[in-house]
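Residue numbers (our numbering), protein chains in the order written: chain A, 66 to 510; chain B, 66 to 510.
Think of the hints as simulated: they come from the structure by calculation, not from any bench. No experiment lies behind these values; they were computed from the predicted model shown. Honestly, I wouldn't trust all of these hints.
Stated by the list, open to error - Incomplete in silico selection of chain A near chain B, CB under 7 Å:
(1) 91
(2) 92
(3) 106
(4) 108
(5) 152
(6) 181
(7) 208
(8) 370
(9) 377
(10) 464
(11) 465
(12) 497
Claimed, not checked - Straight-line distance between alpha carbons at most 20 Å, and here's what the computed EDC-like set of lysine to aspartate or glutamate pairs gives:
(13) A:447 with A:492
(14) A:302 with A:276
(15) B:488 with B:500
(16) A:118 with B:306
(17) B:105 with B:138
(18) A:488 with A:500
(19) A:422 with A:492
(20) B:488 with B:107
(21) A:118 with A:98
(22) A:105 with B:138
(23) B:105 with A:160
(24) B:273 with B:298
(25) A:422 with A:499
(26) A:422 with A:407
(27) B:118 with B:489
(28) B:105 with A:138
(29) B:118 with B:98
(30) A:105 with B:160
(31) B:105 with A:156
(32) A:310 with A:240
(33) A:302 with A:240
(34) B:118 with A:156
(35) B:488 with B:443
(36) A:105 with B:156
As the list claims (entries may be wrong) - Ranges of calculated distance between the beta carbons of each label pair, as one might list FRET restraints:
(37) A:364 with B:206: 47 to 55 Å
(38) B:302 with A:79: 55 to 63 Å
(39) B:363 with A:443: 40 to 48 Å
Positions of the beta carbon are idealized from the N, C-alpha and C atoms, including for glycine.
2 protein chains.
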Amino acid sequence: MTETTTQMNPNAAAAIMARRRRLLGPNVATFYDEPVHIVKGDGVWLWDADGRKYLDCYNNVPHVGHCNPRVVEAIARQSAVLNTHTRYLHEGILDYLERLTATFDASLSTALLTCTGSEANDVALRMAEAVTGQRGVIATDNTYHGNTTAVSQLAAGNTSGLGSADFVRFVPAPDSYRPQGDEDGGGGMAQTARFFADAVAERIAELKASEFGFSALILCPFFLNEGFPDLPEGWLKPTADVVRKAGGLIIVDEVQPGFGRIGSHMWGHQRQGIVPDIITLGKPMANGYPMGGVVTAPDTMAAFRTAYRYFNTFGGNPVACAAAMAVLDELADRRLMAQAREVGAHARERLAALAQKYEVIGDTRGAGMIFGAELVLDRGSKAPAGAFADRIANEMRRRGIMLNTLGRSGNTLKIRPPMIFTKENADLLFEVLDDVLAATPVVDD
Amino acid sequence: MTETTTQMNPNAAAAIMARRRRLLGPNVATFYDEPVHIVKGDGVWLWDADGRKYLDCYNNVPHVGHCNPRVVEAIARQSAVLNTHTRYLHEGILDYLERLTATFDASLSTALLTCTGSEANDVALRMAEAVTGQRGVIATDNTYHGNTTAVSQLAAGNTSGLGSADFVRFVPAPDSYRPQGDEDGGGGMAQTARFFADAVAERIAELKASEFGFSALILCPFFLNEGFPDLPEGWLKPTADVVRKAGGLIIVDEVQPGFGRIGSHMWGHQRQGIVPDIITLGKPMANGYPMGGVVTAPDTMAAFRTAYRYFNTFGGNPVACAAAMAVLDELADRRLMAQAREVGAHARERLAALAQKYEVIGDTRGAGMIFGAELVLDRGSKAPAGAFADRIANEMRRRGIMLNTLGRSGNTLKIRPPMIFTKENADLLFEVLDDVLAATPVVDD
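This is chain A alone, in the form it adopts within the complex (with noise of 0.2 Å):
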């Protein structure tokens, strides 16, 4: 088996696996069959106990690469002059929200910061309440918002417990592979826009006639955990005029697709052309120093600070606004959304060839920095290949490229690197893929 002279000493990961087991209890995920023991990381690349390279293609917390050393060095010299909490006056989050919030519609100019993207999740509901004096929200059927008592609600299975999950309503996501409402394939992705706005105008009359009322929908605008539909500008514009005619609040979580990722459009929800209520940032917002924030309209604002006292210690703390300034300088001095641009463009060609070779890729999309390919056991029924697609993923790191699966049934590649990946690293990706895709038999067990 040449496998095992790729892989970390076995015994070295089994006797970590038992700490694991001892110190963080049982059921902690761990990415791959063979887990990686990763011990440094450098831009593209991740290195494990063994010295062994990969090449990292779906990280998206270290947005502008692994320790980058301008984030590295605003931690390091913050850390050393001030950190503390913003009861007291401090320049760092004013300077840093004056620069935030002018990359979006000038009707959202305010902010509040936190230190993950739960956090934020979980602050946008009750902004959203504060203002509509409801509680019902709608979500997408295969999302993630985070992992509170509140938001993990909005994740479609998780068990209610205390957060009472009769507020959550679901709407079917949305599919450009397998357009719903448009069975007989006439009519386009405005046929499958309609579909999703009729949907939630569903869910809101269900909502409004029970006892939570409507109050807001919620919605990764680039539908990253969905598989990420390849969607036309404006696609979300129906559905946006349904929820502000029921008088509620559209929430972007912008986690994901924020910060230039998709190349077009500094936001995912710029690309969709419409102006959300409230907009909520996590991972790649200090490229992994915790940090998450929400942004609104002052209005907005100014409700949920009436009606919530609300205070974070760590958010907004001056090391954390020093990294993130950080990140946005990396963004525009390196033209990292050029770069997700053209870059994405030469993956998305070279994902297309492969489709030219291989029938299993059933379908390639993507924008900028993230891009992949949904694998299907038979082109004509589209049946999915997530048995197949998660071989890959396993194959592929033992061959130094991590990547992993996502979509409802876990048969789309998950490519979704750095902002600082080059054509040469997208190159190596599918060259190694093209080895894999050749050597891998399509059986779905």
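With the hints as your guide, set chain B onto chain A.
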């Protein structure tokens, strides 16, 4: 007015406050009547933008001192090597948790790491729900356990909103200066312990008769926000018996008393002579790097991990664990728990001497690096001097000493300095306090 010479340029402050209102919205709290513009920290000292130096007597996040060099070095070093999530194997989190859990009862051997104490308490409630199958929680009527939708309900008087406050019942916070259940003064603190346990028993009965059932009692084992009443060791034992007999869990929030602050024990609950089921950690854990955690027994962790999917992207990352390990190193190598004990004893002596001199000091109390005085308008009636206490805190700030107030009536001076606070620091604090008490008329308006 001599005060104006000791504060920042008022125009600069006004400009920053205007930017805050524009970018953060209304009702964002600042400390003091004249907010302070802090730009630098070092040890127990803070500096404002005009170069004025302040002795920090109440911030507990910088547990081992502002910009502690060992912590800063750990953050800078690890940030430059690797910062990623726990879905890869990494020894940083395991080494830290081995060291951390060794400070607890042997039964409490597993942990889950988050980014904030709020997230930790949010998880703790779900852990108790997973074990008991019930949702009802009891808290004191003058506490605070965090800012998520679920845990913000644990603060009496908070808007319910999305979380539905119905699952929480409140018991009167203990008060050693005005002992409840011991109005005749004969029963001593044993009588107040019984009173508290009886109040908990009543709330348990109420919850058991409700749709929620009884899941857990959550409390700060040193009752910091409640005014840190002077309770004898083992005071919580009767309450613990009541909770256990009812099949509930005890959650102790060690965010404030933990990590050696009380001087006599590493954790507040150890002084109370009880072994809790779940312990939550936050603020001082990594000296300001956003980090929180939950420590519990393997069975409880397994129940949670089985009932709930939970993943925290930034929680337990290598940088957080390096910072937290440096905090434990500092505590051990510099014998800071012993320092807390010795400096705290000295401070309480100085406080007692001030109480001889000033009628307004009705009671002095504390343990280790948490101490303070309850200010009253009259020692006979014990009427709280809340407005006076507020004036004292503001006048101290003008004199370069940062402390604050807390308690049910905001009339207790909160002195909760970093663990590196010295007797000389305490002497400076009390010299200025002596001057300020002498110069401030006792009128409660």
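For this session: Answer holds if the nearest beta-carbon of chain B is closer than 7 Å to that of residue 108 of chain A; otherwise answer violated.
Result: violated, 12 Å
Problem set entry | Residue hint residue 106 of chain A, partner chain B, criterion CB-CB below 7 Å | At about 5 Å, which falls below the 7 Å cut-off, the nearest Cβ of chain B leaves the hint on residue 106 of chain A intact, so it holds.
Exercise. Do the alpha carbons of residue 118 of chain B and residue 489 of chain B lie within 20 Å of each other, as the hint requires?
Worked result: holds, 16 Å
Exercise. Keeping to a limit of 20 Å between CA atoms, is the pair of residue 118 of chain B and residue 156 of chain A held or broken?
Worked result: Since the Cα atoms of residue 118 of chain B and residue 156 of chain A sit roughly 18 Å apart, the hinted pair holds (cutoff 20 Å).
For this session: With a cut-off of 20 Å on the C-alpha distance, tell me whether residue 105 of chain A and residue 138 of chain B pass.
Result: Answer holds: residue 105 of chain A to residue 138 of chain B is near 17 Å, not above 20 Å.
Exercise. Would you say the C-beta atoms of residue 302 of chain B and residue 79 of chain A sit inside 55 to 63 Å of each other?
Worked result: Hint violated: Cβ distance 43 Å, outside 55 to 63 Å.
Exercise. Does the alpha-carbon distance linking residue 105 of chain A and residue 156 of chain B stay inside the 20 Å limit?
Worked result: holds, 12 Å
For this session: Using Cβ atoms only, decide whether residue 464 of chain A comes closer than 7 Å to chain B, and label the hint accordingly.
Result: This hint is violated: residue 464 of chain A lies away from chain B, its Cβ roughly 17 Å from the closest one there, beyond 7 Å.
For this session: Would you mind confirming whether the straight-line C-alpha gap from residue 422 of chain A to residue 407 of chain A stays at or under 20 Å?
Result: Outside the cut-off at roughly 23 Å; violated.
Exercise. Is residue 273 of chain B within 20 Å of residue 298 of chain B, Cα to Cα?
Worked result: violated, 30 Å
Exercise. Hint check: is the beta carbon of residue 370 of chain A less than 7 Å from a beta carbon of chain B?
Worked result: holds, 4 Å
Exercise. Holds or violated: residue 208 of chain A as interface residue toward chain B, Cβ cutoff 7 Å?
Worked result: The hint is violated - residue 208 of chain A has no Cβ within 7 Å of chain B, the shortest such distance being about 13 Å.
Hint compliance for this structure: hints 4, 7, 10, 11, 12, 13, 14, 16, 24, 26, 32, 35, 37, 38 are broken, all remaining hints hold.
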